[in-house]
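A.B. asks: Please arrange chain P on chain B, whose structure you already have, making use of the hints.
2 protein chains.
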Amino acid sequence: MPSIDVCYSPELLHLYELEGKAVVAVDVLRATSTMVTAFAHGATDIIPVMQLEECRAYAQQGCLTAAERNGIKAEGFDLGNSPFAYMHAGIKGKTIAITTTNGTRAIRLSEAAKEIVVGSFLNLQAVADHLEELQLDVIVVCAGWKGKFNLEDTLYAGALAERLQAKFAFENDATLASLYLYHAAKEDMVTFLRQSSHVQRLENLEIHKDIEFCLQHDVYDVLPVWKQNRLVDLRVEEFKS
Amino acid sequence: MPSIDVCYSPELLHLYELEGKAVVAVDVLRATSTMVTAFAHGATDIIPVMQLEECRAYAQQGCLTAAERNGIKAEGFDLGNSPFAYMHAGIKGKTIAITTTNGTRAIRLSEAAKEIVVGSFLNLQAVADHLEELQLDVIVVCAGWKGKFNLEDTLYAGALAERLQAKFAFENDATLASLYLYHAAKEDMVTFLRQSSHVQRLENLEIHKDIEFCLQHDVYDVLPVWKQNRLVDLRVEEFKS
Numbered sequence: 112m113p114s115i116d117v118c119y120s121p122e123l124l125h126l127y128e129l130e131g132k133a134v135v136a137v138d139v140l141r142a143t144s145t146m147v148t149a150f151a152h153g154a155t156d157i158i159p160v161m162q163l164e165e166c167r168a169y170a171q172q173g174c175l176t177a178a179e180r181n182g183i184k185a186e187g188f189d190l191g192n193s194p195f196a197y198m199h200a201g202i203k204g205k206t207i208a209i210t211t212t213n214g215t216r217a218i219r220l221s222e223a224a225k226e227i228v229v230g231s232f233l234n235l236q237a238v239a240d241h242l243e244e245l246q247l248d249v250i251v252v253c254a255g256w257k258g259k260f261n262l263e264d265t266l267y268a269g270a271l272a273e274r275l276q277a278k279f280a281f282e283n284d285a286t287l288a289s290l291y292l293y294h295a296a297k298e299d300m301v302t303f304l305r306q307s308s309h310v311q312r313l314e315n316l317e318i319h320k321d322i323e324f325c326l327q328h329d330v331y332d333v334l335p336v337w338k339q340n341r342l343v344d345l346r347v348e349e350f351k352s
Numbered sequence: 112m113p114s115i116d117v118c119y120s121p122e123l124l125h126l127y128e129l130e131g132k133a134v135v136a137v138d139v140l141r142a143t144s145t146m147v148t149a150f151a152h153g154a155t156d157i158i159p160v161m162q163l164e165e166c167r168a169y170a171q172q173g174c175l176t177a178a179e180r181n182g183i184k185a186e187g188f189d190l191g192n193s194p195f196a197y198m199h200a201g202i203k204g205k206t207i208a209i210t211t212t213n214g215t216r217a218i219r220l221s222e223a224a225k226e227i228v229v230g231s232f233l234n235l236q237a238v239a240d241h242l243e244e245l246q247l248d249v250i251v252v253c254a255g256w257k258g259k260f261n262l263e264d265t266l267y268a269g270a271l272a273e274r275l276q277a278k279f280a281f282e283n284d285a286t287l288a289s290l291y292l293y294h295a296a297k298e299d300m301v302t303f304l305r306q307s308s309h310v311q312r313l314e315n316l317e318i319h320k321d322i323e324f325c326l327q328h329d330v331y332d333v334l335p336v337w338k339q340n341r342l343v344d345l346r347v348e349e350f351k352s
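If you're matching them up, the sequences are chains B and P in order.
The opening position of the first sequence corresponds to residue 112 in this note's numbering, with each subsequent residue numbered one higher.
The opening position of the second sequence corresponds to residue 112 in this note's numbering, with each subsequent residue numbered one higher.
It is possible that some hints are incorrect.
In this list, chains with the same sequence are indistinguishable; a pair is considered to hold if it fits within one copy or across any two.
Claimed, not checked - Heads up, simulated DSS-like pairs for lysine-lysine below, C-alpha to C-alpha not over 30 Å straight-line:
| hint | residue 1 | residue 2 |
| --- | --- | --- |
| 1 | K278 | K205 |
| 2 | K278 | K338 |
| 3 | K278 | K320 |
| 4 | K203 | K278 |
| 5 | K225 | K257 |
| 6 | K257 | K278 |
| 7 | K297 | K351 |
These are computed hints drawn from the structure, not numbers from a lab.
In isolation and in its complexed conformation, chain B is listed as follows (with noise of 0.2 Å):
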């Protein structure tokens, strides 16, 4: 039986052995979210890097590009952090370069694994079914908040583990303790989340409207993995083959 084990935060990663695993890269608020939803509506493939600077100069090669720091798009670019961005036709056949606080590095510095995909609420089965069929331990890495822990990734890592139980082993007490919190906010998860410090943050920025999408269970039918330098749907990748 393979094993589920959660990472709370990028800082803890070079603590987890990733060869020959896969992980779930997440970052529920806002960019693994947003990066589902720009595969929902078309896009071909997503770009995240780790500088402003290096994602800006993809617009010369036709992408568009998304920039948020500190929960705020950034300026100059076609696009922040924000999923309602992302319904439109324009991302239709589009590639967009992307660079965020905290998921794109939680993506970045998981390289060595086997298989990285990309996990929120809003792909949640299709990430477990995948998982199931691969038959990999599975690490789930946190985004988390500027290296520490967060809540929100969290009760993904718990809703992920609680899809996943009857056929993985629970490697360790991160999963557990992600469990136990998933079943405490399930019934109720914006106000459950409305005490976090990081949702507070985006609350005072009047994204609460995100936050509430977000949170929302298997709206997509999207698996977006890490190919070749680049994340692309393995949904789409499938069909063409």
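C.D. replies: What follows is chain P alone, placed relative to chain B:
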């Protein structure tokens, strides 16, 4: 109002500002519980060290020496890491040099703090009362398990947060999560923790009795604090002066 924050692993300590704050170092199973028990039985001071050899050298200065590695008493030392080994008259008036896998590390890495207090369920209220008097911002530093999150230290952080919640602001998500987990566990912590990987490791070592002991609340009115490279019981120090 001062704040309380929780750091789930010494590996995350670099993200926290310790200067001017009070750190509560905790390694419930079993280092800090054992230290508290030793003070309750009359130890005058405890010297936490990182390395076995450094610890062994203290024997020449008339100290008792204590060492544990991976849950087992290390060879050639007077004491291991079971609190029951410290409940006898031979402890009274002694200095104990101790090295443990995770707990010592949490204490030594917190030296930038204004005050370091050793926490365990056994002296929960003594620590809570002291923190209320201090009126400093608090960071609970969980020893974790080899750098990773563990449940038992998190439950302690939640228990302390519960005692302090009326008079301290909750600084971030880790404090909230700890409190929720403590609420889920407190009715029967032994059963709750039986799912934990570290507790399972300890159960294999047949120290179930230690675990039950370490999870008892408010057994000792003992307050180990860090003073001049050693821990002393502040209750005794105050009585002396």
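A.B. asks: Can you tell me if K278 and K205 fall within 30 Å by alpha carbon in one copy, between copies, both or neither?
C.D. replies: neither (37 Å within a copy, 52 Å between copies)
A.B. asks: Checking K278 and K338: alpha-carbon separation at most 30 Å within a copy, between copies, both or neither?
C.D. replies: Answer is within; shortest intra-copy Cα gap is 26 Å, inter-copy 51 Å.
A.B. asks: With 30 Å as the alpha-carbon cut-off, assign the pair K297 and K351 to within, between, both or neither.
C.D. replies: Neither: 36 Å inside a chain and 53 Å across chains, both beyond 30 Å.
A.B. asks: Evaluate K278 and K320 at a C-alpha cut-off of 30 Å and name the case that applies: within, between, both or neither.
C.D. replies: neither (35 Å within a copy, 33 Å between copies)
A.B. asks: Given identical chains, is K225 near K257, meaning Cα to Cα at most 30 Å, within a copy, between copies, both, or neither?
C.D. replies: both (25 Å within a copy, 24 Å between copies)
A.B. asks: Treating 30 Å as the Cα threshold, decide for K203 and K278: within, between, both or neither.
C.D. replies: Answer is neither; intra-copy 36 Å and inter-copy 53 Å both fail.
A.B. asks: How do K257 and K278 come out at 30 Å by Cα distance, when the copy is not named: within, between, both, or neither?
C.D. replies: Between copies only: 27 Å across, 33 Å inside.
When held up to the earlier numbered hints, the structure conflicts with 1, 3, 4 and 7 and fits the remainder.
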